[in-house]
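Asks: Given the sequences, and given the hints that come with them, work out the whole structure.
Number of protein chains: 4
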Amino acid sequence: MNYQLVINEVYNTFRNSTNKGKIANYIPELKKVDANKFGIGLVTISGDSFGAGDYKDTFSIQSISKVFALTLALKIVGNKLWKRVGVEPSGDPFNSLVQLEFEKGIPRNPLINAGALVLCDILISKLKNPKDEFLAFVQKLGNNNNINYNLNVVASEKKYGFKNAAHVNLMKSFGNIKNNIDDVLDFYYHICSIEMSCEALSKAFLLYANRGVLPYTGEEIISLSITKRINATVQLCGLYDEAGTFSFKVGLPGKSGVGGGIVAIHPGKYCITVWSPRLNKKGNSYKGINALELFTTKTELSIF
Amino acid sequence: MNYQLVINEVYNTFRNSTNKGKIANYIPELKKVDANKFGIGLVTISGDSFGAGDYKDTFSIQSISKVFALTLALKIVGNKLWKRVGVEPSGDPFNSLVQLEFEKGIPRNPLINAGALVLCDILISKLKNPKDEFLAFVQKLGNNNNINYNLNVVASEKKYGFKNAAHVNLMKSFGNIKNNIDDVLDFYYHICSIEMSCEALSKAFLLYANRGVLPYTGEEIISLSITKRINATVQLCGLYDEAGTFSFKVGLPGKSGVGGGIVAIHPGKYCITVWSPRLNKKGNSYKGINALELFTTKTELSIF
Amino acid sequence: MNYQLVINEVYNTFRNSTNKGKIANYIPELKKVDANKFGIGLVTISGDSFGAGDYKDTFSIQSISKVFALTLALKIVGNKLWKRVGVEPSGDPFNSLVQLEFEKGIPRNPLINAGALVLCDILISKLKNPKDEFLAFVQKLGNNNNINYNLNVVASEKKYGFKNAAHVNLMKSFGNIKNNIDDVLDFYYHICSIEMSCEALSKAFLLYANRGVLPYTGEEIISLSITKRINATVQLCGLYDEAGTFSFKVGLPGKSGVGGGIVAIHPGKYCITVWSPRLNKKGNSYKGINALELFTTKTELSIF
Amino acid sequence: MNYQLVINEVYNTFRNSTNKGKIANYIPELKKVDANKFGIGLVTISGDSFGAGDYKDTFSIQSISKVFALTLALKIVGNKLWKRVGVEPSGDPFNSLVQLEFEKGIPRNPLINAGALVLCDILISKLKNPKDEFLAFVQKLGNNNNINYNLNVVASEKKYGFKNAAHVNLMKSFGNIKNNIDDVLDFYYHICSIEMSCEALSKAFLLYANRGVLPYTGEEIISLSITKRINATVQLCGLYDEAGTFSFKVGLPGKSGVGGGIVAIHPGKYCITVWSPRLNKKGNSYKGINALELFTTKTELSIF
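Protein chains in written order, with our numbering: chain A, 850 to 1153; chain B, 850 to 1153; chain C, 850 to 1153; chain D, 850 to 1153.
Treat the hints as calculated values from the structure; they're not laboratory data. Remember, it's a predicted structure, so these values are computed and weren't measured experimentally. Certain hints may be false.
Any copy will do: because identical chains look the same in the list, a pair fits if it lies in one copy or spans two.
EDC-like, lysine to aspartate or glutamate: derived pairs with alpha carbons at most 20 Å apart [to be verified]:
| # | residue 1 | residue 2 |
| --- | --- | --- |
| 1 | LYS1131 | GLU952 |
| 2 | LYS980 | GLU1069 |
| 3 | LYS953 | ASP897 |
| 4 | LYS1008 | ASP1031 |
| 5 | LYS869 | ASP883 |
| 6 | LYS1130 | ASP1035 |
| 7 | LYS1008 | GLU858 |
| 8 | LYS1008 | ASP1032 |
| 9 | LYS1130 | GLU1149 |
| 10 | LYS929 | GLU1149 |
| 11 | LYS871 | GLU858 |
| 12 | LYS1130 | GLU952 |
| 13 | LYS929 | GLU1142 |
| 14 | LYS1147 | GLU858 |
| 15 | LYS880 | ASP903 |
| 16 | LYS1118 | GLU1149 |
| 17 | LYS886 | ASP906 |
| 18 | LYS929 | ASP1032 |
Replies: See below:
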């Protein structure tokens, strides 16, 4: 399979397409990004890297970071984690409080905001220096010491993050947040502010395609069993209430962020990231979904 | 891989296990089944068949039939189908009217009751003799002329099916049912009443593991692209609001029925059916989920 | 208080006002009405009658009939009734299934469609000839043998009443409907089809302003205690999810129907009906609410 | 009418009755109250005062204070208020976020927590010293300079008020809170911490029974029209999702607080307060509702 050829085709197909969708505007800092950026980056478990467009530019990975938080939390506390967060798709928009209230403060899954806030709460309880240790963990997964937080994004999120504050307060009222609310939000906004390129992000996701093992060092980060469970969770919950459509169109587990990135995992083969900041109504990258659909159609690769 | 060996292990592990769960009791006819029945049947795309326990006994496949209805409807009307039914997990119990009302009569996906009622409505509009033609289609998929409806189950369902009548009336009020309500319900209860054994059901599902092609005849029933989409839908929506847990534990697309059957698809390899009539609180076979989890753990086979 | 003078003022204020709102169009028979009809009719418990405009024309009282059904059911079964229907405002549109499902088939109150369907079910169980006896009861309350069903409206409702069929089937699935579904719907559509004029309707409601006693005969139909409870129920639930606004603006218990009628009760004094077929978005007569607001403002009469 | 005689009867009926219900335990400070306290206090608009039991002891009026906040806010901003808060019953428990999210940050009515938080936000925007001016206003209504905040209750509420923090953050995310969140919560907890006796509270509510005029000074605080609207709002929304039952049983506008107080208004006549700290499942005083029901039954007084 000549991945570079297919990537080029996909890139050229959408490069000049009318740019539907809108850049995330709920925080000022995210609005500063050039809406026309477009990159595709694929890295295989055998170490080959392919790309097109702005695939070496960094962007705010936002919610994609929740997968790293899930991984670190599972590594530390194991399956006890599932007492505090569910594994079912939410069937509702990503910031809905309805389900959270109805289900007494237990978020539907770890990849919606409420679920990730619980992950942050767990990590704060277990880590000495949560922000340093989390960043070091992501740098290790990506074999890349340049990965970092963007403190302007953190500050901007804090200033406008009233809905997240509503979530965390509601869960605290049900006893499912143990630490101080401001500490949980501060840590959450840090992990969401991480910046990476398409290439770096695909590389940092390779363990999920490689049975939990970092291909470049051979180190096992998580067991095969946990890896499969993370992939299943990503498949069912990774694109909020568009997870069904994404599975249907792309056929791979994938995770999106409001920065416009989407990363998809092909177990046993590769990871691929598309970045285009314009989002559809569900909050997922418009071009990102279309590019990944065309990519899996052209390569005939899908887990189904 | 020695499938028979693993099936025996799994069968023996659960054979005498305390039988938690309750047999479906909402219609009298289903209550007549022996609650202790337990069978596992696997058929590979190369034609090998393995099994243990009551895997040659027939049982009421119930909701599993929705996958056949989806296949036939997609074969006939293609992707126009998705205008009348969604592809997202429901995040709610399988018979909930809430979402249906909120979303103006468009069911979340084709594998919840409301969605399957829309499939039935479409098939009635397109087929001359819906009941005969549907049965012939399933017989062809299973290469098995013994497959048939159970008219006692049809009669029993009709007598107690007020919730389905509520669904279909609600959708009719939104204009998403075109035919007479009694005709739609009659056809729906027929397709749910089909009886098959574990072995026969696994065989009839092989096209989904084989790119849409019947392995025993080579006939392409549906395209590769439609096959993938059906598998993705089954993965995300096949176990009602336990789809996440099932993906998480089993890692394969699967569909359950209140008769106690669950069939799972391993693309490129095989289909496997477990039948045990006692259901958990979500309406899925208690032993069925556990047996499939153990099977994929022991074989280390999963799409993730 | 010179009621006629105030009625004239109110009538003249709204007579030529731009006619906002839309006539009910969910059944063809209701659409046939002249949308510009406008009448106001007031009858006091001492027997005086006042009116303006089309206050002697008959119209379809629709949901207003639910108050009569509630009265007859309470008269027959007493407070046992409240085991099968609640007394709280619905907080949701009048045809919502959400709450009904969440609360396991017990309608929030007797004045929403689902609640009235339960009333009909109770009356069918208790009366030999429900349709005849119900009509005779209303004729007696109104001291008027000309009150009758409109069978064209019944037929029209049946043809398009899928949402009511959804409600009754859902309640039957929870065991809160005892009789045959078609019989319940048939009786329900009959009681909603009753036709009366503003004057006749105000007169038939006088018992609620007169401690349960018919002022023209002195007969006690219901006790003072039951009368107060009906008035409280009408106050809180009579205008669907606009009950708060109506109480707020008009300050009297009132009941509306999609035929464009609204009747209000002033305990100890009078009943007043306004009829104007154009409805607001909540399904209540646009002019009706405004006319009653002006009437109570000008008379400074309100229960508050 | 010999009010004292009826009050004695009611008091003696419930004095030794088995004390069902539970004292509010969500904040430690409220738990310190003697659960067996029981007082009834009635004050007429002509200045007569009657009482029994602990009717001169002060208690935490909690949510009853929302009526004072509504009055002051309406006095200052008039009907513009209704752009930021609705007038419909909530149909849901008093702390539900569901409706608030669904209706985009506009609370259903001013007497649920979210609505009162909006009132506090308005008052903060309009008053120089909100806490001082609000207290002075309540002291004026009650003609009583001893009325005061309880700062221990304020501190206790703040420590456990995560659900209120969730509400106010959610409304801020929709733009319906203008001031700093901590300021709004601080003011809200102050107004809820006010302590009064049954007698003092009945007296402070007399303006609502007296067309907006303080009977002891003759000063008009609010217009007749606004008074009626407040009474209508209290009638429909004063007892959370038990408002229907209360109207049905008691037949007067009433407002409850989790401190165990309920005050009811009889327009043109009197106000009556019952205090008993044990609450039913809906969060309203168990004995309070029963005592008021018996009182209006025995006096045959009701607005209906």
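Asks: Confirm or reject each hint.
Replies: Here's how the hints hold up against the structure:
no., hint, in the structure
1, LYS1131 x GLU952, "between (23 Å within a copy, 15 Å between copies)"
2, LYS980 x GLU1069, "neither (23 Å within a copy, 54 Å between copies)"
3, LYS953 x ASP897, "neither (46 Å within a copy, 48 Å between copies)"
4, LYS1008 x ASP1031, "both (12 Å within a copy, 14 Å between copies)"
5, LYS869 x ASP883, "within (14 Å within a copy, 47 Å between copies)"
6, LYS1130 x ASP1035, "neither (27 Å within a copy, 37 Å between copies)"
7, LYS1008 x GLU858, "neither (41 Å within a copy, 55 Å between copies)"
8, LYS1008 x ASP1032, "both (15 Å within a copy, 16 Å between copies)"
9, LYS1130 x GLU1149, "neither (28 Å within a copy, 38 Å between copies)"
10, LYS929 x GLU1149, "neither (38 Å within a copy, 23 Å between copies)"
11, LYS871 x GLU858, "neither (24 Å within a copy, 54 Å between copies)"
12, LYS1130 x GLU952, "between (26 Å within a copy, 16 Å between copies)"
13, LYS929 x GLU1142, "between (36 Å within a copy, 19 Å between copies)"
14, LYS1147 x GLU858, "within (9 Å within a copy, 41 Å between copies)"
15, LYS880 x ASP903, "within (18 Å within a copy, 61 Å between copies)"
16, LYS1118 x GLU1149, "both (13 Å within a copy, 17 Å between copies)"
17, LYS886 x ASP906, "within (9 Å within a copy, 59 Å between copies)"
18, LYS929 x ASP1032, "neither (22 Å within a copy, 38 Å between copies)"
When each numbered hint is compared with the structure, violations occur for hints 2, 3, 6, 7, 9, 10, 11, 18.
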